[in-house]
Amino acid sequence: MHARKWLRRHGHLLIFLLPGLILYSAFMAYPLLTSLSYSLYDWRGLLRQEFVGFENFVTVLTRWPYNERFWNALGHNAIFFGITFAIQSTLGLALAVLLARKWRGFALLQATYFMPFTLSAVVVGFLWLLMLNPNWGAVAQALRSVGLGDMVQPWLGQPATALLTVVLVNAWSWLGFPVLVFLAGIQGIPREYYEAGIVDGTNGWQAFRFITLPLLLPTIMMVSILTFIYNFNAFELVFVMQGASGPPAYSTDLLATFFYRTAFGDPTTGGEPGQIGIASAIAVFMLIIIGTVSYFGVRYNQRIQEGI
Amino acid sequence: MSNRKVRLLGFIAAGLLLASSAVAQTNLNFWSWRTEDVDAYSAFIEEFHAENPDIIVTFTPYQNTEYNTILSTALQGGGGPDIVHLRAYGGLEPLAEAGLIVRLDDKVAALEDFDPSILLGATNREDGGIYGVPFAIQVIPVLYNVGIFEELGLQEPQTWDELITVSEALQAGGYYAFANGSSEPWTLETLFGGVAPAFYGGNDFFNELVAGETDFSDPRFVEALERMLALRPYLAPNHQGVNYSDMQTSFAFEMAGMLVGGSYELGAMADLNPDLRIGSFPFPNDDGPGPVSVYVDGSYGISSNSPHQDEALRFIEFLATREFGQMFTDTLQQLSAVPGVSPTGQELSDIVELVDADSTSFLFLTAFRFGQPSGSTLLQNELQAAMGDTKTVDEVVAVIQQGIATWHPAFND
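Listed in order, the protein sequences are those of chains A and B.
Residues are numbered in our numbering as their position in the first sequence, beginning at 1, plus a constant of 427.
Residues are numbered in our numbering as their position in the second sequence, beginning at 1, plus a constant of 2.
Worth flagging that the hints you see were computed from the coordinates, not collected in a lab.
Hints are supplied without guarantee of correctness; some may be wrong.
To be verified - Derived contacts from chain B toward chain A, CB cut-off under 10 Å, selection only:
1) 62
2) 71
3) 75
4) 183
5) 232
6) 235
7) 386
Unchecked claim - Quick list of the computed label-pair ranges, beta carbon to beta carbon:
8) B/68 <-> A/516: 34 to 42 Å
9) B/255 <-> A/599: 45 to 53 Å
10) A/528 <-> B/394: 51 to 59 Å
11) B/255 <-> A/595: 28 to 36 Å
12) B/397 <-> A/463: 48 to 56 Å
13) B/148 <-> A/532: 57 to 65 Å
14) A/457 <-> B/323: 56 to 64 Å
15) B/234 <-> A/565: 25 to 33 Å
16) A/653 <-> B/149: 31 to 39 Å
17) A/454 <-> B/129: 46 to 54 Å
From the three backbone atoms N, C-alpha and C, an ideal C-beta is built for every residue, glycine too.
Isolated chain A, as found in the complex (with noise of 0.2 Å):
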């Protein structure tokens, strides 16, 4: 009695949803779960076979090379996030705050530090290639066009500087991002704020470190929560610019190519048979991280907003 009064009442409330319902679970929550189930199975090639439980996760976890590659692309989602993260909150910070001041021609700046954003990976991965090449790239004819021919390196073919070289390239395309959502946050904290500083006599740095920082907190952490999901994504900038096997010798090898090569054999060598199971398990495993994570970076950001 109770449900059918109340399926009369909003019944037609489940027409509005069922679309939308429809298209997230047939490709969002049905890929998705099906993955998780890959994981328990045995593969052979493109053949399910029987299903071993949680083998494949030991696998990842304890079985070389396996173990080797998770670890040494975790440590490099990691350094991707580290760096991303540092540059955006100090350098991306600034430039936001600089940017609120609004003065004249800044309207092109903050237009100039978006457009990275706006572009492709794929396209800022094959630009930068072309600009790091050693023998005849921009970069390189800069440096020896000024005397510094000496400083010029295989930037992105040198275990030692691989890595560094993607990570700042992605910083500099996704700082965009950062900057226009902090300086949005900045404008949108009222004028009375500063207002009542200067009566009290703050100088820039204190209406900074007091009125800015403490109220732009909760976009920090927002931005730093989305932030960590992309770097523990990333898959497209590693792939074009240096390819699925993270040359050179794994040193940019990511979690998410790391995946991709497991699960559908190493492209870059024409042929290896795949092994979904232990790739869905890397997967998987990913989930959790990123879910754990920004599960408990929500919390907090919730508990400072609370605060505030």
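Using the hints provided, position chain B relative to the given structure of chain A.
For chain B alone, kept in the frame of chain A given last:
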């Protein structure tokens, strides 16, 4: 005739026309990774269409490095092409194992005439069945620029020392000695295929290794890797940042004297610079020329999903004919796998002579690509570490051994 009858006849005629065209035309989709061969395949298909007007074949190539993924995903999903350009050896097996491609040895009679060692490239070891018609054989010699060699008065080197002398002369003349770089891992396996057999000694080591009588810590194998590292001063400058297209460009446009590369480069070079004269020699060791690495590039197969099995088989049979093989060689400047085909160009004939003199199967591609991590994955990435001085040869050898031992029956202790 009344108006009505005329109209009726007209309808019938139109219907017949429609019906006949619907019956007559079968569309076959042909997927490949050979983006560079689109024109050549259009010509081959036209030739086939002339004899088989009822079949239309559409050639669709995908990016080389993404092809395997695209193909296996499509086939697994019940779709994909009718005709499949298949990788060789371990690249073909998972598709055959999963029943996604059609077994051909009982269907294509012409396969009986193919060289057994060539058919291995299209064989599924599990059931011994042949699943494709092999299309090309590749050889990895040292290619050199005849013009530059003449300009500097250089001869084909017969020993390692002569090779070093030639390399230094090239560098003194303002050229790169070798165009080879090491930024893309797979190009290092090609370099290995060119250099290493001269030092590990070709077939003897190959056979002992595959049988498990020796392993990768064998001094002959270690020596081969050490010579590759000794070659670093003569590779392209900043070789760690030099990718495959850089390599091709610098050799094609006469910036480099030599290139350790596959015979498939002849066609690519002819496209880039038709005036280039290319010679070839086998990589020498301390005493003389070594064997050249040889392998089957891949094959043509039929998807089990195809609703047009008979038409697809007719096209596959065409691809196994000598007529096609000759056309393939002439057009693409590659060695056809079809028996009885003779190369027309001098450059390709030279390479055939090298194969006849002394050749060996391209080690990792033909024997160690059947499991994960494949021998090729291990070799390429570990060599890159050695090239960048982050690992020693002994460490590299240990990792290759350990990796292959995880799945190869010969090393399961």
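Against the structure, the hints come out as follows:
Hint on residue 62 of chain B is violated. Least Cβ distance to chain A is approximately 18 Å, over the 10 Å limit. Among the interface hints, the one on residue 71 of chain B holds; its C-beta lies about 4 Å from the nearest C-beta in chain A, closer than the 10 Å criterion. Hint status for residue 75 of chain B: holds, given a least beta-carbon distance of 8 Å to chain A, under 10 Å. Interface hint status for residue 183 of chain B: upheld, as the beta-carbon distance to the closest one in chain A is roughly 8 Å, under 10 Å.
Proximity of residue 232 of chain B to chain A is violated relative to the hint, the smallest CB-CB distance being about 19 Å (cut-off 10 Å). This hint is violated: residue 235 of chain B has a C-beta 15 Å from the nearest C-beta of chain A, more than the 10 Å allowed. At about 4 Å, the closest approach between the beta carbon of residue 386 of chain B and any beta carbon in chain A falls short of 10 Å, and the interface hint on this residue holds. The hinted window of 34 to 42 Å between residue 68 of chain B and residue 516 of chain A holds, with their beta carbons roughly 36 Å apart.
Between residue 255 of chain B and residue 599 of chain A the Cβ separation comes to about 32 Å, which falls outside the hinted range of 45 to 53 Å. Checked against the hint of 51 to 59 Å, the pair residue 528 of chain A and residue 394 of chain B passes, with Cβ atoms roughly 56 Å apart. Distance hint for residue 255 of chain B and residue 595 of chain A: a CB-CB separation of about 32 Å, consistent with the stated range 28 to 36 Å. In this structure the supplied range 48 to 56 Å is violated for residue 397 of chain B paired with residue 463 of chain A, their Cβ-Cβ distance being about 37 Å.
Between residue 148 of chain B and residue 532 of chain A the beta carbons are some 59 Å apart, a value that agrees with the proposed interval 57 to 65 Å. Residue 457 of chain A and residue 323 of chain B have their C-beta atoms about 47 Å apart, which leaves the hinted 56 to 64 Å range violated. Restraint check, residue 234 of chain B to residue 565 of chain A: a C-beta distance of roughly 26 Å satisfies the suggested window 25 to 33 Å. Checking the proposed 31 to 39 Å range against residue 653 of chain A and residue 149 of chain B shows it is violated: the Cβ atoms sit about 57 Å from each other.
In this structure, residue 454 of chain A and residue 129 of chain B break the distance hint of 46 to 54 Å, their C-beta atoms being roughly 38 Å apart.
Against the hints set out earlier in the document, violations occur for numbers 1, 5, 6, 9, 12, 14, 16 and 17.
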